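Line by line, the protein sequences give chains A and B. Read in order, the letters of the first sequence correspond to residues 1211 to 1753 in our numbering. Read in order, the letters of the second sequence correspond to residues 1211 to 1753 in our numbering.
In short, the hints are calculated from the structure, not lab data. Predicted model only: the values in this text are computed from it and were never measured. Hints may contain errors.
Claimed, not checked - Straight-line Cα separation of at most 27 angstroms, DSSO-like style, residue types lysine-lysine; simulated pairs:
#, chain 1, residue 1, chain 2, residue 2
1, B, K1703, A, K1380
2, B, K1738, A, K1735
3, A, K1739, B, K1739
4, B, K1735, A, K1739
5, A, K1738, B, K1735
6, A, K1735, B, K1739
7, B, K1703, B, K1519
8, B, K1267, B, K1654
9, A, K1502, B, K1523
10, B, K1502, A, K1523
11, B, K1687, B, K1719
12, B, K1502, A, K1519
13, A, K1502, B, K1519
14, A, K1525, B, K1735
15, A, K1348, A, K1739
16, B, K1654, A, K1738
17, A, K1267, A, K1691
18, B, K1735, A, K1735
19, A, K1502, B, K1502
20, A, K1525, B, K1525
21, A, K1738, B, K1738
22, A, K1703, B, K1380
23, B, K1723, B, K1735
24, A, K1502, B, K1525
25, B, K1738, A, K1739
As the list claims (entries may be wrong) - Computed footprint of chain A on chain B; a stretch qualifies when at least three of its residues, placed anywhere within it, have a C-beta under 8 angstroms from a C-beta of chain A:
#, region
26, 1424-1437
27, 1457-1468
28, 1523-1532
29, 1564-1572
30, 1589-1596
31, 1695-1708
32, 1720-1726
As the list claims (entries may be wrong) - Residues from chain B that face chain A, not an exhaustive set, calculated with beta carbons under 8 angstroms:
#, residue
33, A1401
34, G1652
35, G1656
36, G1674
37, M1734
38, V1737
Beta carbons are placed, not taken as given, at the ideal position from N, Cα and C, and that holds for glycine.
2 protein chains.
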Amino acid sequence: MRPAATASALRSLRTAGRMSFRLACRWQVEPSRRVLGSSIRGYANASGPPVGTQVVKLTAESYPQIQRDSRFAALTDQDVAFFRSILSSGAVLTAQDEDLAGYNVDAMRKYRGQARLVLKPRTTEEVSAILRHCNDRKLAVVPQGGNTGLVGGSVPVFDEIVVSLANLNKIRSFDEVSGILVADAGCILEATDQFLAERGYIFPLDLGAKGSCHIGGNVATNAGGLRLLRYGSLHGTVLGLEAVLADGTVVNGLGKLRKDNTGYDLKQLFIGSEGTLGIVTAVSILCPPRSKVVNVAFFGLDSYEKVQKAFVKAKGELSEILSAFEFMDRQSQNQVAKFSELRRPLDNEHNFYVLVETSGSNRGHDEEKLQQYLEDLIENDVIEDGVLAQDETQLKNLWTWREGITESLAKSGGVYKYDVSIPLSELYQLVEDARTELQDKGFKIGTEDAQIVNVVGYGHLGDGNLHLNVAVKTYDKAIEKVLEPWVYEWIEKRHGSISAEHGLGFAKKPYLKYSKDEGVIRLMKEVKKSYDPNGILNPYKYI
Amino acid sequence: MRPAATASALRSLRTAGRMSFRLACRWQVEPSRRVLGSSIRGYANASGPPVGTQVVKLTAESYPQIQRDSRFAALTDQDVAFFRSILSSGAVLTAQDEDLAGYNVDAMRKYRGQARLVLKPRTTEEVSAILRHCNDRKLAVVPQGGNTGLVGGSVPVFDEIVVSLANLNKIRSFDEVSGILVADAGCILEATDQFLAERGYIFPLDLGAKGSCHIGGNVATNAGGLRLLRYGSLHGTVLGLEAVLADGTVVNGLGKLRKDNTGYDLKQLFIGSEGTLGIVTAVSILCPPRSKVVNVAFFGLDSYEKVQKAFVKAKGELSEILSAFEFMDRQSQNQVAKFSELRRPLDNEHNFYVLVETSGSNRGHDEEKLQQYLEDLIENDVIEDGVLAQDETQLKNLWTWREGITESLAKSGGVYKYDVSIPLSELYQLVEDARTELQDKGFKIGTEDAQIVNVVGYGHLGDGNLHLNVAVKTYDKAIEKVLEPWVYEWIEKRHGSISAEHGLGFAKKPYLKYSKDEGVIRLMKEVKKSYDPNGILNPYKYI
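The shape of chain A in the complex, shown without the other chains (with noise of 0.2 angstroms):
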């Protein structure tokens, strides 16, 4: 459809009473949101690697360099038996449980650890116990969540015993005036947002992998996701931590006040700490209202610098229901399109795309103030084409062509993602400069006999935050040298982060310099020293 035609078939539907930017996208197949999403949860806490995959090479093999760290002791038939006797029984496995090889695994299929002992309480007075226990024997330990994280942070290097808080799963308290939520850091993402979607609130987070991880594991990383935009970032949002630290002390700070100022908010260095500082074992968070009415609109557009356009437009017409701004390169919807039984929402190919969610309280309103704006970017030649879900079944659809590129983009082997946060302006020019940089140094992309399968750019635009995602056959430490620390000198030139949300673990420790001067990084190390003298918590990793 050409522009022209859009806007007078607009004109037309609007003397109809409703407007509807396209009338409806042809689906084929009626896939929930998370149709691609979904298999991810297999990694993580399944029986081991997925039928009829490779198996993952051992992360101590493919890197060399890492030396198990001699200040920690070995695990001990004494140590099992001191944990068989104060967790109840299926809480502990060990080398003859054969789920234990899934625990060992990161979502990514990158990086596989070698532990021998995976524990996962009930209480947190049994979080206590163990880390009491670890911290007195030197043994090391890595938290686990749903282990969804794409740095490597959430699985062992070495030997490191795994605390899985998968058991830690309760709904402690929920205020339906306050929306304050009070809940075990075990909870399901996913799951948690439905128990509030029935008392009228949202979870202020979202993203892919819902289905699997943790709030805990989110609160630990920082996540940022798709509701950032609109409801700010967890540093706002949680008002309190149950945190259990490297000797056993349980912290209790659950605070169910939206303002408190007596005192440090020490709860504050916990997120983000990726399981170095503590584990946390609750969260106290608070929820907003969910969004009465929900609108999703899909278009193309042919140039960089016209979804920058669209995104400013956003901001001041969607205003105050803008809940998310997409972007997403050609490349990447060509990948989903392989691999998905979904046909495309717009009928021609376009160099960018660009999905746009307001959640607002009344019907009426929201769909004017986005038949408004749609409107005016086609006045203006800002898109080329576009749709605008009718129905929950093709929001959830249209969305898919954004949450499915992870998975898509794993279909080809593996993947080194980038997510990077860059002043808007240059944002989609490192994907560029990516695929020049990667050509210049002989190799071929998306060709039948390259190595690499693709490089693509998408992510929250509205939070400055792009993925750069270069898609490969097999993990190839040639492809890693070109990429790696050319990403990150092109970042710091920029003065952006090099990591936006994904967090350090293990994949980005080395490159921390890149985003954090050597007076912060001193800080940050004299920080963990001193809430983990032994540096039992997650070592190897962050810092």
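Given the coordinates of chain A, work out where chain B should sit on it, guided by the hints.
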């Protein structure tokens, strides 16, 4: 006007195409929004206490149990000469300067310190050089912003040197696409907001003292104020800080990125640390687009239960455009009326009053939502009477009835101020119980011969934040003894906070244990010790 009459007026006005909850407020004068608040400015940076008011008693005399810490050195002529050598002329005030006195007295005129030196650095480097010298010499320091705090945190207790940030007051940068502002700590809130207004943005914080307070002070004290309901806490909106540590180290954490997950979020410790960990010299903050349309309604209700009903309905019906929900009791409004030249907005007195503000992007939509909300309140007998501002002047005047409470109380003599968070259902009970407690202990309230002029309650209902104010002719230890720790024990029983937004400062330090448990207080002390081993920063306060 009776509810029924208002409803019929509504109906007739609606046919005229534009809703008017009440045709207009009949204003007699046209003062600015801060007509009452503006004279507060005088106290802080002007030349000493206002003429004609009593000299404020020295803090050291009011609280003889607090002793000067003998670890601190006494100021020498050599110290003064050193500061003169590194700072520009006019930046060093000594006992010879008559301006000095103003820096020793707090905004409530309750505390008076004995500083003989005030330093007004113009750059971060100067702040660094000052602290390095003070730390080496063990000279105690009070960082001071606009000196508008309400807990005696910004003035010396004994002879601490005042470091005023007033001359560090430049906007460093502003990005008109992302809305990210970087500015010096000493920028005045109102001037900063005006700068942003000219560019279509808003500072995500607003409070009565905006004409004097500094944005650095706002961040250092984690100010809450009037827009928290809409834009969230500073922990979410502040993106980065520049701060100088006690030993003069400059921590450059002025990130301009909405998302950055590369390490511990150390800046968070400074937000709300009240100058005890370092001096904030610059702030990077995310500013939202300024709403095109702002509406204010003001109504009277007969019970606190109905105030809560009106709030729950506001969350549901005004939803994304709700930007303030303030409540005031009858006593607070009578107090404002006593000192205001404004005619009262409503004809009759009511037990409670609510000010609702909406901020949105579409006049028609916003007015329709507000109309629907107010009709609903009238039809369900929630409110007794109300007015809707018809223009900017009326809007500002309505706000005066909320923002003018503080100053109208101060005219009595002194005010015991309690700023607390309590679960919503019990919020106002504290005010009623406080009146009973004072009367039971033999104090009269509000009569000609009474020492207590008024006991009022008002605050940010949307945040669960009550201001209980006890206005007295003069500060009186006997009254203080009835109120403290009685108020704090009352709050502790309900797991509230003894300081929702005002902070700890000098006034609340002894009562921290009512809001924080021992383990948390121990961790806080470790943080203080680690950042400021000599304890020179804002001693005798906070922790």
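Now the hints, each set against the structure:
no. : hint                 : result
1   : K1703(B) to K1380(A) : holds (25 angstroms)
2   : K1738(B) to K1735(A) : holds (17 angstroms)
3   : K1739(A) to K1739(B) : holds (15 angstroms)
4   : K1735(B) to K1739(A) : holds (16 angstroms)
5   : K1738(A) to K1735(B) : holds (17 angstroms)
6   : K1735(A) to K1739(B) : holds (16 angstroms)
7   : K1703(B) to K1519(B) : holds (25 angstroms)
8   : K1267(B) to K1654(B) : holds (25 angstroms)
9   : K1502(A) to K1523(B) : holds (14 angstroms)
10  : K1502(B) to K1523(A) : holds (14 angstroms)
11  : K1687(B) to K1719(B) : holds (17 angstroms)
12  : K1502(B) to K1519(A) : holds (20 angstroms)
13  : K1502(A) to K1519(B) : holds (20 angstroms)
14  : K1525(A) to K1735(B) : violated (43 angstroms)
15  : K1348(A) to K1739(A) : holds (15 angstroms)
16  : K1654(B) to K1738(A) : violated (55 angstroms)
17  : K1267(A) to K1691(A) : holds (18 angstroms)
18  : K1735(B) to K1735(A) : holds (19 angstroms)
19  : K1502(A) to K1502(B) : holds (23 angstroms)
20  : K1525(A) to K1525(B) : holds (23 angstroms)
21  : K1738(A) to K1738(B) : holds (16 angstroms)
22  : K1703(A) to K1380(B) : holds (25 angstroms)
23  : K1723(B) to K1735(B) : holds (13 angstroms)
24  : K1502(A) to K1525(B) : holds (12 angstroms)
25  : K1738(B) to K1739(A) : holds (16 angstroms)
26  : 1424-1437            : holds (count 3)
27  : 1457-1468            : holds (count 9)
28  : 1523-1532            : holds (count 7)
29  : 1564-1572            : holds (count 4)
30  : 1589-1596            : violated (count 0)
31  : 1695-1708            : holds (count 4)
32  : 1720-1726            : holds (count 3)
33  : A1401                : violated (24 angstroms)
34  : G1652                : violated (31 angstroms)
35  : G1656                : violated (29 angstroms)
36  : G1674                : holds (5 angstroms)
37  : M1734                : holds (5 angstroms)
38  : V1737                : holds (5 angstroms)
The structure is inconsistent with the numbered hints 14, 16, 30, 33, 34, 35, although it conforms to all the rest.
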